[in-house]
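Q: The chain contents come next:
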Amino acid sequence: MATVENIAMRHEDSDAEGNAPVVAVEDVHKSFGQHKVLNGISLSVRRGETLAMLGRSGTGKSVLLRLIIGLDQPDSGSIRINGEDIAGLALDQLGGIRKKMGFLFQHAALYDSLTVGENVAFPLRHHKREMSNSERSDRVQQLLVEVGLESALNRMPSDISGGMQKRAGLARALALSPEILLLDEPTAGLDPISSREIDDLILKLQRERKMASIVVTHDLFSARTISNRLALLDQGNVVVEGKFEDLQQSNIAFVKEFLKQA
Amino acid sequence: MPPLALVNSLLAYIDQFFGWFGSLGIFAWKVARAAVTPPYEWREFVRQLDEVGSKSFPLVALAGASVGIVISLEARYSLTRFGAKSMFPATLVYSVIEVMGPIITGLVVSGRVGAGIGAELASMKVTEQIDAIEASAINPYRLLAATRILACVLMLPLLTLVADACGLLTGWFAQSLVEPLSFHQFIESGFRGATFNAFLPPTFKTAVYGLIIGLIACFQGMRTRGGAEGVGRAATNSVVLASLFLILADVVLVKFILVVFP
Chain A
904 MATVENIAMR HEDSDAEGNA PVVAVEDVHK SFGQHKVLNG ISLSVRRGET
954 LAMLGRSGTG KSVLLRLIIG LDQPDSGSIR INGEDIAGLA LDQLGGIRKK
1004 MGFLFQHAAL YDSLTVGENV AFPLRHHKRE MSNSERSDRV QQLLVEVGLE
1054 SALNRMPSDI SGGMQKRAGL ARALALSPEI LLLDEPTAGL DPISSREIDD
1104 LILKLQRERK MASIVVTHDL FSARTISNRL ALLDQGNVVV EGKFEDLQQS
1154 NIAFVKEFLK QA
Chain B
35 MPPLALVNSL LAYIDQFFGW FGSLGIFAWK VARAAVTPPY EWREFVRQLD
85 EVGSKSFPLV ALAGASVGIV ISLEARYSLT RFGAKSMFPA TLVYSVIEVM
135 GPIITGLVVS GRVGAGIGAE LASMKVTEQI DAIEASAINP YRLLAATRIL
185 ACVLMLPLLT LVADACGLLT GWFAQSLVEP LSFHQFIESG FRGATFNAFL
235 PPTFKTAVYG LIIGLIACFQ GMRTRGGAEG VGRAATNSVV LASLFLILAD
285 VVLVKFILVV FP
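Chains as they are written, first to last, in my numbering: chain A, 904 to 1165; chain B, 35 to 296.
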């Protein structure tokens, strides 16, 4: 179970590798109609590093994740994945980049007509066509064991709990062994025990796989547990970025208020 | 309403009208492009052939059978009145195969398949399942739309043949109850002098109906917003718009067939 103590260990164990960012967002702007959501935001994440994005609802955190995976296009600015600018790329051109990314949606977005096992197998079926049925089964089983869901292989998404759906969504996101993991509010809607279980799972996966991860969350304890750095967003931009101690030492009124209320 | 407000309101409707067709055109282009570029989604295509074809069979057969009986009853009365009872077999055959069979099949399938596709894809859209497909580097236009549209295009002519066969069978049977007529005599008399131009074009024009049903249902489903209300609206609009365009297309296609296949 994640505790305040192993947050310090997590920071000591930080093993962000290399200098080149895997994900680099530069001066990105995004509006929906008259509503400006992102206002020149810039940030970067390196391999083995986890960045947690915090902020009030409506500050564009989830929108930024969608821009990074290419589900939406920025109005201006650049988003580079391993040095390649994805802004403006067509659907089929994004395919190669997306195979290196895993995305956990806020409500898991499991395919409701498929079982948990079929959900996890879905990316493998489409992108690893050379895999035999038994190889794919073994891989699915391995992924479900990794997230603690081996007993749910043949169950439908509607028959499992919210926490189990998140685990299944995470297993599916990891199916192609991505270099980059994007998590949209992984503990949203879960009870405290399930939330800490998800945090532990994410920590374990980070230690083993050394991915670059970006986590959007409202849960400050979770953010401190699983991330190397935190970025606090307000009015479409990063107000402060750094370790939790850096946020605590900030004199910005919004930051103090946010930490007080969290 | 003041005149200026009325004009603005009218212009807004016209804007929406052309905007809808523009969006439909862009959607159709994306689907066409996805359909002809690999990797092809054969597994999903075969599944859709079953969904559209096999599962519509009972309803189409029943609709065709009912049409056959109705035409038999109405035609017998009219032909007897004008002293042309001997024309009954040809009247039934030409009415069913050239006119009623295709349009009834189209409308029945528009209701069943159009609503089903519209609701299914709309539900996937509002629960982010389509986003999850795209985030997994799978083209949703290829996997979801192209497979369904092609299945509709292929299955409509076959379903029309089913409706025609059932209509002719029940029409003959209804006539035989009043005035015995062997099935052999009925077929020989009904198809006497028949040519390719008389029967195949009306049957294969239903491929265009299938294109209309599949395209509109997929378009309405994949652009849904607004939760459960949006899903309901997508299903309803799929049926209404597909049926409307189908009927309008029939007018054009009948004229086209008469000109090209005199």
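It is possible that some hints are incorrect.
[Claimed, not checked] BS3-like, lysine-lysine: derived pairs with alpha carbons at most 27 Å apart:
#, chain 1, residue 1, chain 2, residue 2
1, A, LYS1146, A, LYS1159
2, A, LYS1113, A, LYS1031
3, B, LYS64, A, LYS1002
4, B, LYS64, A, LYS1003
5, A, LYS1031, A, LYS1003
6, B, LYS119, A, LYS1031
[Said to hold, decoys possible] Derived Cβ-Cβ restraints for the label pairs, each shown as a range:
#, chain 1, residue 1, chain 2, residue 2, range
7, A, SER1064, B, GLU78, 39 to 45 Å
8, A, ARG1028, B, THR71, 14 to 20 Å
9, A, SER945, B, LEU58, 20 to 26 Å
10, B, TYR74, A, GLN1045, 25 to 31 Å
11, A, PHE935, B, PRO73, 30 to 36 Å
12, B, GLY266, A, GLY961, 26 to 32 Å
13, A, GLY999, B, GLY59, 39 to 45 Å
14, B, GLY261, A, SER945, 32 to 38 Å
15, B, ALA232, A, PHE935, 53 to 59 Å
16, B, PHE52, A, SER1064, 46 to 52 Å
17, A, LYS1163, B, ALA262, 36 to 42 Å
18, B, ARG77, A, GLY1065, 28 to 34 Å
Derived from the structure by calculation, the hints contain no laboratory data. Every residue, glycine too, gets a C-beta built ideally from N, C-alpha and C.
Q: For each hint, tell me whether it holds in the structure or not.
A: Here's how the hints hold up against the structure:
1. A:LYS1146 / A:LYS1159: holds (15 Å)
2. A:LYS1113 / A:LYS1031: holds (22 Å)
3. B:LYS64 / A:LYS1002: Since the Cα atoms of B:LYS64 and A:LYS1002 sit roughly 21 Å apart, the hinted pair holds (cutoff 27 Å).
4. B:LYS64 / A:LYS1003: With Cα atoms ~24 Å apart, B:LYS64 and A:LYS1003 stay inside 27 Å; holds.
5. A:LYS1031 / A:LYS1003: Holds, because 13 Å separates the two Cα atoms, which is no more than 27 Å.
6. B:LYS119 / A:LYS1031: Cα-Cα ~66 Å, so violated.
7. A:SER1064 / B:GLU78: 39 to 45 Å: Violated - the Cβ-Cβ distance for A:SER1064 and B:GLU78, about 29 Å, lies outside 39 to 45 Å.
8. A:ARG1028 / B:THR71: 14 to 20 Å: Distance hint for A:ARG1028, B:THR71 holds at roughly 19 Å.
9. A:SER945 / B:LEU58: 20 to 26 Å: violated (38 Å)
10. B:TYR74 / A:GLN1045: 25 to 31 Å: Since B:TYR74 and A:GLN1045 have Cβ atoms about 29 Å apart, the given range 25 to 31 Å holds.
11. A:PHE935 / B:PRO73: 30 to 36 Å: holds (33 Å)
12. B:GLY266 / A:GLY961: 26 to 32 Å: holds (28 Å)
13. A:GLY999 / B:GLY59: 39 to 45 Å: violated (28 Å)
14. B:GLY261 / A:SER945: 32 to 38 Å: At roughly 34 Å between Cβ atoms, A:SER945 and B:GLY261 fall inside 32 to 38 Å, so the hint holds.
15. B:ALA232 / A:PHE935: 53 to 59 Å: Taking Cβ atoms as reference, B:ALA232 and A:PHE935 lie about 56 Å apart, which means the hint holds.
16. B:PHE52 / A:SER1064: 46 to 52 Å: Holds - the Cβ-Cβ distance for B:PHE52 and A:SER1064, about 47 Å, lies within 46 to 52 Å.
17. A:LYS1163 / B:ALA262: 36 to 42 Å: Roughly 38 Å apart at Cβ, these two residues keep to the hinted range, so it holds.
18. B:ARG77 / A:GLY1065: 28 to 34 Å: holds (30 Å)
Checked against the numbered hints above, the structure breaks hints 6, 7, 9, 13 and satisfies the rest.
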